[in-house]
Amino acid sequence: MRQLKKPTYAQVNDDIVRTLVETGPRYYLALGTALLVSIVLFFLPWYYQLRTGVGLAGMNQPNVWGSYLANFVFWIGLSHSGTLLSAVLHITQSPWRKAIYRSAEAMTLFALIIASLCLFVHLGRSWFLHWALPYPNQMELWPNFRSPLLFDVMAITAYLTGSSVFLYVGAIPDFAAVRDRVCGWRKNLYTLLSLGWRGTDMEWHRLGVAYTFLAVLIIPLAVSVHSVVSWDFAMSIVPGLHHTVFAPYFVVGAIYSGTAGIVTMMFLLRKYFSLESYITTTHFNNLGKLLLLLSLLWAYINMLEIFTGWYSGSSAQIETLNYKLFGYYAPLFWGMVLFCAIIPLALIVKKVRTSLITMLIISVLINIGMYIERLLILTTSLSRKYLPDYWGIYTPTLVEISIFIGSVALFICFFLVFVKIVPSVSMYEVKETLDTPDRRR
Amino acid sequence: MSDSDSIKEKWKKYRNPGYQDKFDYSWGMVIDLDRCTGCEACVTACQAENNLPIVGEEGFRSGREIKWIRIERYWDGEYPDIKLRFIPMLCQHCDNAPCEPVCPVYATYHNQDGLNVQVYNRCIGTRSCAAYCPYDARSFNWFSFTWDKPLDEQLNPDVTVREKGVMEKCTFCIQRIRQAKDTAKDQNRRVRDGEVQPACVQSCPTQALVFGDRNDPDSAVSKLAQNPRGYQVLKELNTNPSIIYLKNL
Amino acid sequence: MSISVLPALDASKKAVGIFVVGLIAFVIGYWVNRNYFSDATPVQPIEFSHRIHAGENQIPCMYCHLYARSSRVAGVPSVHKCINCHKVIATGRAEINKLFNYWNEKKPIPWIKVHDLPDFVYFSHKRHVRGGVQCQTCHGPVEEMNRVTRLASLQMGWCLECHRAKKVENGRDCWTCHK
Amino acid sequence: MAAELLGLFSHADQALKAAGGLRDTGFQEISLMSPTPLHGVEQVLGRKTSAIKRFTFFGMLTGLLAGFLLAAGTATLYLLPTGGRPIIPIPPYLVISYEVGILFAVLATLFGFLVSARLPALRERHYTPETHIDRFGILVTCSSEQDAERARTIILAAGAEEIRQLEYLGKKSHEQ
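Chains as they are written, first to last, in full-length UniProt numbering: chain Y, 1 to 441; chain L, 1 to 249; chain C, 1 to 179; chain P, 1 to 176.
In short, the hints are calculated from the structure, not lab data.
Computed from a prediction, not measured in an experiment: that's the story for all the values here.
Accuracy of the hints is not assured; some may be wrong.
[Claimed, not checked] With a cut-off of at most 27 angstroms between alpha-carbon atoms, the simulated BS3-like pairs for lysine-lysine come out as follows:
1) Lys166(C) / Lys149(L)
2) Lys107(C) / Lys22(L)
3) Lys81(C) / Lys107(C)
4) Lys167(C) / Lys187(Y)
5) Lys81(C) / Lys22(L)
6) Lys126(C) / Lys181(L)
7) Lys107(C) / Lys181(L)
8) Lys13(C) / Lys185(L)
Please construct the entire structure, taking both the sequences and the accompanying hints into account.
Below, the structure written as structure tokens:
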């Protein structure tokens with residue numbers, strides 16, 4: 001399905017530059033609110049927690065991991081939307097990627113930053129986090145590279161660097177286009193950012209080569225990041241966590257929640273920046289198909305996990321499984337199944353995929369379900385470890401809930417700043433999908 | 001090892017699974033469950049010896065008590081034919097400890113005495129070791145604790161008072177081991193069997209707990225470990241604990 | 001028209017410059033004031049001079065710090081030990097009068113610890129003295145100091161350096177020095 | 001007298017035609033500026049190869065090696081046995097090696113891109129803002145008056161809307 005009236009090349013520039021320089025009071029209101037919410041609900045509680053101790057969260061002795069780690073996995077999962085999807089679609093040369101990938105990649109970047117912040121929040125003594133970084137120090141002691149947590153540190157560093165470079169290299173021509181349209185401090189900023197890009201055939205060629213290489217590098221990197229996150233859990237011998245299926249399970253879950261995140265974000269971008277001619281129902285339709293596929297895949301792996309537990313014959317595994325399906329957290333589990341496996345089946349109908357509001361609802365529900373999934377992985381397994389004397393229940397506290405809401409606000413904050421600095425739709429790639437001027441004659 | 005070893009020899013050595021050199025001592029414990037009455041004297045002694053904080057009623061209710069040794073209770077049979085069984089549960093000082101490789105900063109590792117030790121001031125509080133521990137033997141300092149007067153006067157100066165955000169666990173009273181080794185070194189001998197006793201062993205009224213060097217074949221621990229009643233908790237996980245439980249089945 | 005990044009770099013020189021200068025100023029300021037964060041040469045309640053006692057008068061270290069040979073702590077001499085000599089030596093001087101004030105009030109002298117280790121460090125003077133380590137190796141030439149100053153960093157790397165050089169048995173094991 | 005000529009076109013095929021014409025007449029330094037990557041430039045101006053792939057490849061190799069050495073080397077600096085595993089266990093260190101390998105490859109690709117595309121532009125280079133919107137530009141270096149006249153004819157014949165003679169900037173960067 002194609003939009004009837006296509007914008008011309010000049011209109012593309014006008015439309016996109018407009019989103020950068022024309023800032024209404026509604027934007028400032030949104031930014032102010034997001035900033036305020038993130039300070040009040042994220043930074044203040046965190047500061048309070050730093051002063052008093054992580055005991056403010058609802059974690060206890062068997063459940064030493066709680067919602068903070070679930071937040072971490074959730075944000076890492078969301079980060080898999082953008083750069084990975086963008087890279088895959090670039091390699092497969094899907095034309096519908098071009099309008100959405102820039103903001104999707106930004107989502108990756110910010111979700112990763114928030115995820116690393118969540119690690120800070122999770123730590124008992126966050127002020128010593130630098131000990132987990134490899135640098136020469138007077139203690140002559142380096143981090144333990146045998147630890148899956150260190151894999152995490154390395155993977156996140158690589159992914160953060162990789163996706164920033166990918167985002168930046170892809171945006172250089174657009175910075176150059178913006179550079180010619182703005183004045184004042186923006187002129188200097190975009191001149192520096194565009195590195196003196198002129199758009200010569202040589203530069204385009206090099207950009208194309210470099211961009212493809214980066215895309216090829218990003219795909220295995222992104223897959224490894226979430227596999228590594230899953231090994232944080234799977235390398236233990238805790239029943240319910242010690243599964244070999246965890247790496248693909250996490251990767252599929254991450255792409256699933258990430259794609260849903262893109263749908264939500266695209267809806268908002270389209271609505272509030274009036275980019276209707278760039279983000280069309282085609283995009284929603286295609287992403288809907290992808291979501292449907294991923295939901296089936298996700299449901300399949302989930303069943304696989306249940307079956308391996310059930311057929312393992314280990315009493316501990318079966319106990320954990322029983323507890324997950326019918327225990328204290330059972331309502332959450334079945335809620336997750338409803339949100340992530342049953343409701344997305346509606347995407348089989350084309351009307352659902354092309355209607356923006358149903359896509360929004362489904363994508364938000366998927367992400368709620370995926371958050372529950374992350375929380376369940378931690379809580380159901382840790383509540384039922386080997387020794388029955390030490391079983392326990394975990395419930396999040398107000399501080400934890402507030403920090404999660406605050407982290408969402410912080411994410412929105414980052415995103416609002418981003419859309420004013422980087423063109424949120426790739427101009428030169430959108431132009432590629434339009435008719436080149438030579439055919440207009 | 002000397003610096004003159006060639007890279008090839010070093011590589012060979014570092015590729016060896018297990019530990020670099022033979023342990024000087026290999027501390028271990030034998031717990032005779034047939035003697036345990038569940039009196040919790042060991043728990044109290046541990047609390048006093050190792051500066052364990054008192055978390056209070058609220059902390060206890062939310063499952064945040066800090067205990068390095070605890071008495072697990074299991075009911076056996078159906079009422080009225082019912083029996084109560086006890087297992088004192090503490091850090092098993094596993095040879096293949098699941099908690100050790102997961103620590104990103106080496107806050108927990110195996111030392112030359114075969115102990116699984118926790119370096120409190122290196123801990124950054126990821127709590128992964130506690131999540132990985134199948135015995136739930138590790139306790140976390142959810143807050144910084146203070147001791148009301150005059151309780152602060154009984155703090156053991158040989159043991160650090162742990163800060164908030166630090167994981168802690170049974171050390172087999174390493175401060176006592178250190179003291180005994182110090183004396184032994186002055187007299188140029190090895191530590192004798194029975195010379196060092198953790199607080200729990202010392203306080204057990206029925207002598208259900210026995211502590212000693214497993215490297216010494218004549219020690220009480222080594223002899224008791226040969227007992228046919230012996231078993232290791234969760235042996236199927238291949239953690240190879242240093243604590244052997246005795247139970248007549 | 002022509003393009004180059006240099007003019008833009010030139011124009012943002014001010015912002016970059018302020019940042020760089022600020023960073024350098026912070027680092028230098030911190031370095032200059034680092035003693036403020038940890039005082040290596042504290043002013044003691046009594047102007048006690050190690051130079052006079054240990055240097056000129058050749059009193060052995062372990063005459064006053066008598067537990068160093070047999071215990072974890074070296075021991076600060078009691079007021080009684082000071083009075084022992086100063087009943088007859090150098091009486092009437094201002095600093096000695098201060099000493100007698102503490103003696104009369106039956107109070108210990110509130111010396112400020114110069115070589116202070118954190119709570120989590122296990123350090124035994126006995127092991128080091130018996131191992132043949134000179135006091136000056138860690139404490140510096142105290143017999144030449146009027147007011148004792150801490151020359152060693154007392155940081156972990158500093159300890160490890162010596163432990164490695166002397167090939168101390170289990171000298172790099174964490175629980176040798178931590179508790 | 002050397003000069004640079006800039007021709008502006010509103011249609012891509014005209015620009016390509018002009019570029020082809022210039023190349024056939026023997027002009028060496030021709031740049032085609034466009035708002036999007038132009039398809040068909042290779043046929044007109046010849047196939048290009050770049051050194052980026054070498055950067056990526058050697059970046060990856062260096063990274064793989066550096067990652068493993070980082071993990072294995074630092075572990076041998078301070079021997080702390082954990083969990084009964086060797087000091088240098090291969091599988092976990094391969095993960096570190098993998099991540100550092102990709103990190104280095106990404107950075108090397110970025111570096112290779114900057115080097116081969118001669119960015120950032122430290123010296124002044126001719127360009128025109130219109131080519132970032134919807135125009136196609138041809139920048140050609142002419143060594144003499146006669147050359148400039150010939151180039152002007154070819155560019156105008158291809159249908160240029162506008163042609164500008166510009167001060168010569170190119171030589172300086174080539175002398176470097």
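Here is how each hint holds up against the structure:
| no. | hint | result |
| --- | --- | --- |
| 1 | Lys166(C) / Lys149(L) | violated, 44 angstroms |
| 2 | Lys107(C) / Lys22(L) | violated, 52 angstroms |
| 3 | Lys81(C) / Lys107(C) | holds, 13 angstroms |
| 4 | Lys167(C) / Lys187(Y) | violated, 62 angstroms |
| 5 | Lys81(C) / Lys22(L) | violated, 48 angstroms |
| 6 | Lys126(C) / Lys181(L) | holds, 13 angstroms |
| 7 | Lys107(C) / Lys181(L) | violated, 37 angstroms |
| 8 | Lys13(C) / Lys185(L) | violated, 65 angstroms |
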